Structure formats: structure tokens, C-alpha cells
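Student: So you can see what is in the structure, the chains are spelled out below.
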Amino acid sequence: MFNVSNAGMDEPAYTVVSDSETTGEEKSTSAFPEIAIGIDIGTSQCSIAIWNGSQVELLKNTRNQKMMRSYVTFKDEVPSGGVSNQLSHEHEILSGASIFNMKRLIGRVDTDPVVHASKSLPFLVQTLDIGARPFIAALVNNVWRSTTPEEVLAIFLVELRAMAEMQLKRPIRNVVLTIPVSFSRFQLTRIERACAMAGLHVLRLMPEPTAVALLYAQQQQLTVHENMGSGSEKIALIFNMGAGYCDVALSATAGGVSQIKALAGSAIGGEDLLQNMMRHLLPDFESRSSNHGMNEIKSMGFLRVATQDAIHKLSTQTAVQIDVNLGNGSKVSKLVNREEFEEVNQKIFEKCKNLIIQCLHDAKVEIDDITDVILVGGCSYIPKLRKLVMGICKKEELYNVINPLEAAVCGAALEGAVASGISDPFGNLDLLTIQVTPLGIGIRADGNNFVPIIPRNTTMPARKDLVFTTVRDNQIEALITVYEGEGEKVEENHLLGYFKITGIPPAPKGVPEINVCMDIDASNVLRVLAGVILPGCPHPAIPVMEIRLPTVDDGHGWCAEALRKTYGSTLDLESVQKKI
Amino acid sequence: MNMSASMVTSYHVSVPQFNPNKGGQRWKEKRSGSVRCCNTRAGELRARKEKNYYELLGVSVDANVQEIKQSYRNLQKKHHPDIAGHQGHEYTLKLNEAYRVLMREDLRKDYDASFGRTRVHLGRNASGLGYSSWKGPLRPEALFVDENACIGCRECVQHASNTFVMDEAVGCARVKVQYGDSDQNIEVSVDSCPVNCIHWVDREELAVLEFLIQPQPVKGYGQSTVEEETPAQAEARANASMEINMGRFSGIWKLFEQVFRSNMWNSE
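Read top to bottom, the protein sequences are chains A and B.
Counting in the numbering used here, the first sequence runs from 260 upward without gaps.
Counting in the numbering used here, the second sequence runs from 1008 upward without gaps.
None of these hints come from the bench; they were simulated from the model.
Since this is a predicted model, take the numbers as computed values, not measurements.
In this text, a Cβ means the ideal position worked out from N, Cα and C, and glycines have one as well.
Worth double-checking, as some hints may not be accurate.
Unchecked claim - Computed spacing ranges between beta-carbons, pair by pair:
1) A:Asp-683 to B:Lys-1116: 54 to 64 Å
2) A:Glu-820 to B:Gly-1092: 38 to 48 Å
3) A:Pro-684 to B:Gly-1092: 51 to 61 Å
4) B:Gly-1092 to A:Asp-683: 16 to 26 Å
5) B:Gly-1092 to A:Lys-623: 29 to 39 Å
Produce the complete structure using the sequences and hints provided.
Tutor: Take a look at the structure:
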């Protein structure tokens, strides 16, 4: 890193040291603020952009590509990713030696349906269904060599970083990454871990549609400047669907401030459309793809490429002929029309529809008040989706001055500049995103219920508290288990962490007040405070506990089970009052 | 984990604002309430002599939704942690809470009630709040309370409760309805004022006076642009801001438009 304060020492004034060791002070000693770069790690494609002083610029790799395939191949001694590697053919990444779709796997346990759906991929995804990490391996010289999604992502990020450093001729440290709305906080820590492994410091993790909303806010700001218009409030619905995730956001924009009203998201995407289609074309797809023999991997690779290609063509054509030779005399030969594709994926489209409706409902916005409908992501070219979104929003056309594949990364680059404290003399960075929490956060109480303390779609930064009490006479300990999600029962939510409050003064049940306060700052750091009060006592009975979450590491599916077995309901809590 | 190093640093900086003692203090105050669970946030705020939500957002107590939104966004642009850094955290939390309450009609009503304040709705002219309405036909003279002089003795409200109302937020009386009570009662209440702050004014002047006496949205949010101004400058500024704000109370304005506009601008 550049470190100006080193200037007086024997070493050269500017040294580039290994990126693995970093401290927070370096940032403040630097005379010029470093502009954070924006990275969009897509399930299938990835891009990187930066504010170049006057506008957002997408960086290109040595092969002049702005969009790079997200994968890492473990063929030789040194793994190589989609940034540097030259693909001679698509099949190369389907040989089992490459890991891709890591965004669908990161931070998920082996009971997760999304992990199970990944078992048909050419590389190895093994599950034991016990709530632990899945086993992931790449086929290197006929050996399944294990790796992790974090490692794969880190290797990829290192390549991205090297590419950006070469072009910008400066070290890259701070990044703004876009993430799916439905990511749990635990998954966010995995992304942060991968970034740390790659020597990057995460300045912000930004839900993808909110990055698009920020870009939209900037565009609106520019139009206002040009037209000297009133700059009235504009409501935008942003629908983003890529290969792995589907996100919806509703934003109210005025004067460069993009205020997110509501978010909704789910792990559905192009990958599901593709798999449904492959299943449709080849009824024994499941058994053949989970086998992972050399021949099966190869033939499933052919099927995958052909199906992918057909889906792309169906965006412009109404029918497409698929011919794949799967080897051993078996082949798929079929004319598929668009209706068939839509029929096969009806459930996915239904889910998309529900997400939009839920988002509109949460935002309390009437359809007639929507100014613009923005469709982004790889799936935005699918006619059915376009029709569906326009139908719900009662719009004849979509907002079209935005590149569907580059919008998220451009927004991330803008946020990177804003959060780095960069200002622009022309007011192009006079921007702000006011984020909301995509998922509710609460604790286990009232039996096995999830009691949210910070509800979904609360404006950030946020702080809320709720009072709980003991369920037994002379209960001196209480277990606080923190979950994130929307389910009524704790099992339906993501476990974030747990801690015990000890030393509660003995008292009849229901008397001690246990105040649990949650605080989320603008960089989305969650802290939980818990204190105990006894009636008539002005001070907390015991020192207040402050915990930064998530604290769970691997195998968190296990933890909840272990806690339940060990403690049962002995350390339970009950909610006392609910604030509005 | 190296990545967290810088976060940890910034986190330590934030500790003074976020220490457990503060939590304890708040709990202490909660406990001091005689009845459990009845402490409202608003009461808590007032007890701590904190800014109320209107002051926090820099809007008048009668501000409409658009004004609140506008002001919220302006303040966010200045104080949001993305812009102001970590020290903006606490302030933004309060802003968010104030905004949440004031933007929801039901919550705002409850909040207002906790202050004993009622927003005076003038039917269709609700956007021009803070102005008195008329009972019966318009008369050449109107009542006006000089809130700067008012000591909040409530005499006038007691004698003519349909005409005068207490604004508990500012501790002053103001006219709610012109001629809301019988002439005799009004006469008594005007005379009862110990500081003679209730005036009979020309009907044409009323809108201007009522506008100027209102708590004004704070412009410039802390950037003190004007340190000392001459009375002439102050008057010019008031006129200018009034011109800008004319659109806001168009409802009232229409009433006086014909007579008033020519009078006022000619006299300048």
C-alpha cells in the first residue's frame, strides 16, 4: 500500500507491501482519498468499474472484454480464472476442472436446496445433509481436489485486482461489491472473507438493485440539470435477474437521493431456467448429471451448452431446433418453441411475480405512482419476463437508457466514489443511497418463535430495542439466539449467532427486564446489546453485553441443533411488549 | 482476519457514542416512570430536552408531507454516514425515526398528541396550516396574537375557546378561528391579556402576519449565512422568502389575492 507517513524512513517513500496486512489508519494518513472500485460479481459474469474523475468507466481485460466469465479452472499448478484465462471453447469450463456459480454456493450449508440444485454441475458438490459445509471439488488430472467457494472467489478477485491495478497504475484496496438482496448476513461475511483473502477491503456491500437505483438517481439528477426541471420525486421499480438471483427494489428518487423503500429477493435465476430446460429435454438428466463419471460430465456439458444457446435464441426467435449428441448412441433432438420454455419454467416466473408484488406491498406504493420500470440482469432479455414486469406495473415500455448488464457495476462505482468522500465539481457525485434492511433480524423467544427486533425494510442506519423477560422463577441465565429472515419459526431463518446472559438476579418469572437492542450502521455492521434491569433498580443489574454479529462460522446449521439439544427451553425468553 | 482491521479501528472511534452506559441511562429513565410500559418515546424525548421531531427535521409543526420529505433528504445528504462518516450515525438514526413517525399520519397524530399539540386543519386548505380560518362572513378586521410577546397565560383561551388555541409546542396562544365566539367573549378575552399581545389587524395584513409568526423551516441547516443583518435586510429577506413561499399557501392567498397583491407590492 502507499503509505505517505513512511516518507521519513529509510525505505523508499512509497512502498508496495503485501496486501495481506492492513490497518485502518493507512486510509486516513493518505493525502488523497483512494477511490473505491465497484465490482459486480455475477453468478455467471463479472465486471469492474471506477469513477475516473468525471464519469464511471468500466475496466477491460487484456482481451478487451468488459464482462468476464466468473469461473476458476484448477487445471495446472496455478489456478486461472475468467479474467485472464482465454477460453477456447465453452466446454472447457464444463470439464469438471472449473468451479463456477460460486455465488450460488457461498455461505450455504448442505441442507440448502440451492446447494442441492448445484449437484448437477460438472464439478463435485457433495452433501451430507447435516447442516454443515458442502464438499466442493474440482477434477484435476483425474483427482477430485477439494476447494471452497470463498477460495474460488478469492482467486477470481485476485485476478480482477491485478487487472485493475495494472490499468490504474495504483494499488487497489477498497471495493464496493454488489450482492443479491436475499443474501444472509452470514453469506456477507463469506464474501468479506473472500475479499480479505484477495487483499481487498470491503467498503460497502450493496444489494444489486440499489446500485441500479443509485445510477438511476444520477441520471435523473443530470436530466434535471439539463432541463432546469423541478426535480420532482420519481418512483422506480427495479427488477434484476441474473443467472443466480432475482432481486426487486422500489426506490423514491429526488435531488440525487435514492431512497430505497423496499427490497425483495430470492435465489432464483437463469441457472434454474437452464436446469429446468435440461430436465425437460432429458428426463434422466438428474441421475446422469449426479453420477460425475467422465463420460457423463462430458455429455452433460454438451447438453448444457446447447440448452443455454437455445434459451438465448428464444429471446429473439419463437422456436429453436436443439440437436445434441450425448455419446454412446444417445442424443437429444427437439424443436423447442417459446411457449414450451415458458411452460417449463412457469413456477420460476410465478415466483418473480410474487417478489414484485411483495416489494410493491412493502413499499406501500401504488402501481400508478411508478415513474419508471427498470429491468436489468442477464435474464432481462427474456420476453416473458419483460411482459410480466410491464404487466404488473401497467407500463407500455421499460426505462431504456440503462445498460442491463452494466447498470449494477456502474452504481457500485458511484457508491464507491461517494463513500470514499470524492466530490465532483459538476455535482455528478452529489448522490446518496438510503438503504433498508432486506431481511428482518430478531431473536428466538416465546417458545420456538422468531421475534423480529428490526423488521424487514427498516431504513438504515437503524436501532431498535425490545424488552424480554424470563420464563422461570429464579432463572439466572438466558440464551439469546439471533436470527435473520422472515419465517415465523426460528428454523426457517438464518442463525447469526448466540450468547448467554448470566448473573440475572434471582426473581420470580416475568420480573427481570431483558432489553435487547440492535444497531445497524450505514456500512451494515450489526451489533446487539443486551442488558438486565430489575424493577426499582436504577442501574443495569449486570454489565451490558455488546456483541458484533454474525458470530457463527461454518456448520451453523449444526449449532442451532446442538443448542436445542443441550439447553432445550431452560434458558428461554418471552417478549414483553412490542413497539410499533 | 485482516480485513476487519480497519473496521475495528473505526469501531473504536464510535464507542463513545455507543457505549453501554448510555443504554443504562435510558433504562434508568424508563424505570423512573411510575407506571410500567406507559412511557412514550415522545415523553422520553421531552424529558431529556431533546429536539422534537419537527425541530430535528427543521420543518414547521404544520409542514406537509412534501416539505418533510424534502427536508429529510437535504439533511440526509449532509449527515448520512456515507457522507459525514461514522459521526453521522447517531444523528441519522434520529432523523430516520423522526421521518418514520412524521410520514405516517397515524403515528404523527399520536406524536402530536403526546405534546398536547393539535394541527389545525382548514379543510381543503390543509397545506396552508397555521393560518386561522373564518367563522361566518369575512370582516374588515381580524384577530392576531403576537406570539413573540405572548406569555402563554391561557386567559384568552379560557374566555374564547373557540377562537383561541394554545400551541403547546411553543407555549403560545394563537388564533384558530376568526370570530369563533361571540363578539362579547372575544372582547373580554382581548382585554384579559396581561401583556396586550392580541391585536385587531386589517384583514389584508393577516396572512402576512400569520405567515411571519410561524416557526419557519430552517434554511441552510447550520450554515450561518447571515450573521448580522440590518432591519432593512431582514425585511427584504422576509419578503423574498415570502415570495418563494407564496405557492405554499395559495389556498389562503386566493382569498386576498385581488385586494392584497396590488396593495402590498405597491407599497414596497
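Student: Which numbered conditions among the earlier hints are violated in the structure presented, ordered from lowest to highest?
Tutor: 1 and 3
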